[in-house]
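From first to last, the protein sequence lines are chains A and B.
Position one of the first sequence corresponds to residue 2 (our numbering), numbered consecutively onward.
Position one of the second sequence corresponds to residue 765 (our numbering), numbered consecutively onward.
Because the hints were derived from the structure by calculation, they are not lab data.
The structure presented is a predicted model; accordingly, all values stated were derived computationally and were not measured.
Glycine included, every Cβ here is placed at the ideal spot set by N, Cα and C.
It is possible that part of the hints are untrue.
Unchecked claim - Within a straight-line C-alpha distance of at most 27 Å, the following computed BS3-like cross-link-like pairs (lysine-lysine) qualify:
hint : chain 1 : residue 1 : chain 2 : residue 2
1    : B       : LYS1286   : B       : LYS1205
2    : B       : LYS1155   : B       : LYS1170
3    : B       : LYS878    : A       : LYS310
4    : B       : LYS1005   : B       : LYS1104
5    : A       : LYS276    : B       : LYS916
6    : B       : LYS1205   : A       : LYS172
7    : A       : LYS172    : B       : LYS1104
8    : B       : LYS878    : A       : LYS276
9    : A       : LYS172    : B       : LYS1026
10   : B       : LYS878    : A       : LYS172
11   : B       : LYS1155   : B       : LYS1005
Unchecked claim - Some chain B residues well away from chain A (every beta-carbon gap over 10 Å; in silico):
hint : residue
12   : ASP873
13   : GLU898
14   : GLU926
15   : ILE1024
16   : GLN1120
17   : ALA1192
18   : ARG1198
19   : GLU1223
20   : PHE1245
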Amino acid sequence: MKLFLEPIDVWLFRDGRPFDALSDHRAQSLFPPYPTAMQGIIRSHHLVVKKVDLRNQEAIEHAVGTATTYPPGFQMRGPFLARRTSEGVQRYFPLPADAVAQGDVIRALVPSELPAGVWSSVPMPRLLWHDGEPTKREERWWLREDALMAYLEQGVVQIDEETGRESRICKQDALFQRENRLGIGLDDTTRTSQEGALYEVEFVRVVPGVGLEVEVEGLDGWPEKGILRAGGEGRGAYFEASDAPTWPEAPNPLPQRFKVYLATPAYFEEGWKPKDWQRFFDGKVELMAAALGRYESLGGFDLATNTHKPARRYVPAGSVYFFQSDGQASLKASLVNQAITDDGAKIGFGQILIGRW
Amino acid sequence: MPDTILIFSLGPVQGFLAEARRAQDLWAGSRLLSELTQAAIQACRRSGAEMIYPADPSQESLPNKFVVKLPEGVAPEQAAEAARQAAQEELQQRGEVARQFLQSIIPSDSVWEKIWQRQLGNHLEFFWAAAVIEDDYPAAYQKASRAFDAAKRARTFQQVTEDGLKDSLSGRRSALRTAQGDARSYWNRIAASGRVTAAQLKPEGRERLDALGAIKRFGFGNEAERFPSTSSVAAADYLEKVRGKHQSALVAYREILKAIPKFYCVRGSEAWPYDGDLLYLETLVPERLRTSYGFGDADLQQYEGQLEAARLALRMLYNSIGRPSPYYALLVMDGDSMGKRVASCASEEEHRQLSQRLVSFAAQARQIVEQHQGTAVYAGGDDVLALLPLKRALPAAQALAEAFAKIVPGGTASAGLAFAHHLYPLDAVLRAAREAEGWAKGMEGKNAICVRALKRSGEPIEVRSHWGDLRTLFGELCQWFACGALSSRFAYEAAANLPFLDGEPVQSELKRLIQRHWDTRKSNPPDPDNLAKQLVAWADSLPGKAEELTD
């Protein structure tokens, strides 16, 4: 089933940093949230759908498994930022890390060989050389799926004049805004404020019609629409069946020069890369270049054991890897969810879209 | 092989600066970054490199990116590798100071060592690029610069797993601990050792540090503690006023504080040796005394009488001169389009001259900030990061922008100012100031300032303007507000009512508000018709209207 979730009010998806009022801490929102947060939301609501007795640990595990072992057949893709349009729900993706804006187009940089007499710290055969004026990467743009696919296929996409709800390319604020709120800790016994317990929480307020799209398999019995709890402070969301386009499958075979765009974050054993790329491909592929966003540390708090979970580094969504193949290579058929990630493929990490260069 | 240009940078700047809860953390982070850069520069110079930017590597603040010319025969990879190693070693050395201190309280073990080495070994990131100078310096610089930009696009990193309780500055890395108990108990023991003040470390394990946080707090001896806190900066102009006219009330208060040994001195000044937060009545409540000064129940009981006397003395001071502003300003400023300016240098000599001018600017920037009772966290390259008392912030920012334009011919600078409560989380203030700077640079032609006010409730307010417009009408407005001729209600009511009006009614409403809120006892009123007209014209000329800002 595919779901489209819209917030009832604001949303709070904590970034996993520890947070308590007495440390005058600040809680930041990750948005869109990571698959780890989304799987929790979906599995929790499944207990409601199935009317599972929450005092019965065995029944819970039977219905939704645990945070690390899921019920058989359970699989998720996303969550993705999405917007309801006249043509149905449309997914939006962060601007690729290999993109530069030039006038009214967004252009993909092409890996090139180092010119003679030039050296750099890049540990790859090629680098993304930009001949124009130096530009700072505009990180707050989002591309609608069709615009992103055009970009990945042709290496360029027009920023059109069209504005408002239907824009194919828009700034972040046209989709959601961050909103800071100050709070002060309360003394539970007296219901009075605690001295010095100042904290700040960053909420996400989405523009009307914007929400999260997620594909879930292996959980049945859900109604066509309803309300569920989503994120921090038990904030709510309306959900309904999503009519977003089917997730684009990777071409087979892959183009000779193809690039992998990460649509959700990925975890790799060696940080920015896996031990061996061949683990994901049949046929020989070679990494030529990469455009990567700054890594994100993801940990979180484990309510069950009351401890901080281990924090690990993830390659952020929007990163792009450039490969060269013999034209016969393909994604391994055995990949869960067609995902490129060393962990979390089942719940939506490492979702990719393929382009060419 | 002919000479080559090497551009080298180290980071993450974010990690060194933004992971800060106190002004001292911000200072220590900035200082550490400068030290690492300096070590990297020295390594390059040992292999014969000549400085191009910054012109003077012995400055107090160094940018995290530098440019050198390598002589014939020196391979850029080797110079860059030497620079990388030197920065790593410098980090270890600065770390050694913190490590020795912590180990003198609680001996380390293999658990502690593992966390320490992992965090120091995996924190720094390096980007560099180089190009041969064939015959034309600008062409070679451009090549190196493009390769450098390309290098920054490939942000490779190692995988690291950080388990257990996280530190309180970054929230991302394991807090240091030994095999005996968790991080909370380790830091509780450090805080309770009697060797650290509550200003260095909150008691009861509420603050837990990782290796980098530990270096910020304990790697600089008491040098960091001498850097004024946000409370001291917020109260700086108040203190100056008190000293001029009401010294005796201050002395009376100070004498009472002296009798309570938990109040430690932070600087040599006899007139007021304490942190500025002791000028705020809210500091003298039990909870704050616990967290900021390490008072226990016994202390609170023992000093009950003295504390009451202190509160009374502080109220007396307030009665005679008023309260200090609880707000201060954080300023972020840098030159506009510096990349383009550097790229347009026609020769190596011109590039060096520009670097030299920036050294002069940095020196002058420190002076300007100090003249306005502020403190520079960083002044190097074309960047300034400073803390300023609220009332002095705008004049200081203007003076800095003017100095920049004077020293760098044809250059302009833009600034972001965040106004925040002295207890507001510092990392959020820094982020607000950075965002404000971004909005200032978003104005046509840059050369602008954006102020972001973080109130203690509700949404932040931001305003931006080109520098020129600040001097005229806006300056006058400020003076009228300051002397009380125009009530501040004018601004609130204008903000509340005007968005619903359009065209002529705006001017009429403004005129009404001016008449209503003008106090003729304080100053002669200007012609309200004329002033309303000027205000409308000014507002229309501002490129950033409210909706544009949130865009």
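Status of each hint after checking the structure:
Under the criterion of a C-alpha separation no larger than 27 Å, the hint pairing LYS1286 (chain B) with LYS1205 (chain B) is inconsistent with the structure, at around 38 Å. Between LYS1155 (chain B) and LYS1170 (chain B) the CA atoms are separated by roughly 24 Å; this keeps the pair inside 27 Å, and the hint holds. With a C-alpha separation of about 18 Å, the suggested pairing of LYS878 (chain B) with LYS310 (chain A) holds against the 27 Å cut-off. For a cut-off of 27 Å, the pair hint linking LYS1005 (chain B) to LYS1104 (chain B) is broken: about 44 Å separates their Cα positions.
Among the hinted pairs, LYS276 (chain A) with LYS916 (chain B) is consistent with the structure: their alpha-carbon atoms are about 22 Å apart, no more than 27 Å. Distance check on the hinted pair: LYS1205 (chain B) and LYS172 (chain A) sit about 17 Å apart at the alpha-carbon level, within 27 Å; holds. Between the alpha carbons of LYS172 (chain A) and LYS1104 (chain B) the distance comes to roughly 25 Å, so the proposed pair stays at or under 27 Å and holds. Restraint check for LYS878 (chain B) and LYS276 (chain A): the C-alpha separation of about 23 Å stays at or below 27 Å, so the hint holds.
Of the supplied pair hints, the one linking LYS172 (chain A) and LYS1026 (chain B) is violated, its CA atoms being roughly 52 Å apart against a limit of 27 Å. Restraint check for LYS878 (chain B) and LYS172 (chain A): the C-alpha separation of about 43 Å exceeds 27 Å, so the hint is violated. Of the supplied pair hints, the one linking LYS1155 (chain B) and LYS1005 (chain B) holds, its CA atoms being roughly 13 Å apart against a limit of 27 Å. Consistency note on ASP873 (chain B): stated as away from chain A, and its beta-carbon is indeed over 10 Å from all of that chain's, at 20 Å minimum.
Not every CB of chain A is more than 10 Å from the CB of GLU898 (chain B) (nearest about 7 Å), against its label as outside the interface. Consistency note on GLU926 (chain B): stated as away from chain A, yet its beta-carbon is not over 10 Å from all of that chain's, at 4 Å minimum. Non-interface call for ILE1024 (chain B) relative to chain A: holds, since the shortest CB-CB distance, roughly 19 Å, exceeds 10 Å. Remark: the non-interface label on GLN1120 (chain B) is consistent with the geometry, its nearest Cβ contact in chain A lying 23 Å away (cut-off 10 Å).
Not every CB of chain A is more than 10 Å from the CB of ALA1192 (chain B) (nearest about 5 Å), against its label as outside the interface. In this structure ARG1198 (chain B) is separated from chain A by more than 10 Å, as the shortest Cβ-Cβ distance comes to about 13 Å. The Cβ of GLU1223 (chain B) sits about 7 Å from the closest Cβ of chain A, inside the 10 Å cut-off, so the non-interface label is violated. Here PHE1245 (chain B) stays apart from chain A, with its beta-carbon at least about 25 Å from theirs, past the 10 Å limit.
Hint compliance for this structure: hints 1, 4, 9, 10, 13, 14, 17, 19 are not met, and every other hint is.
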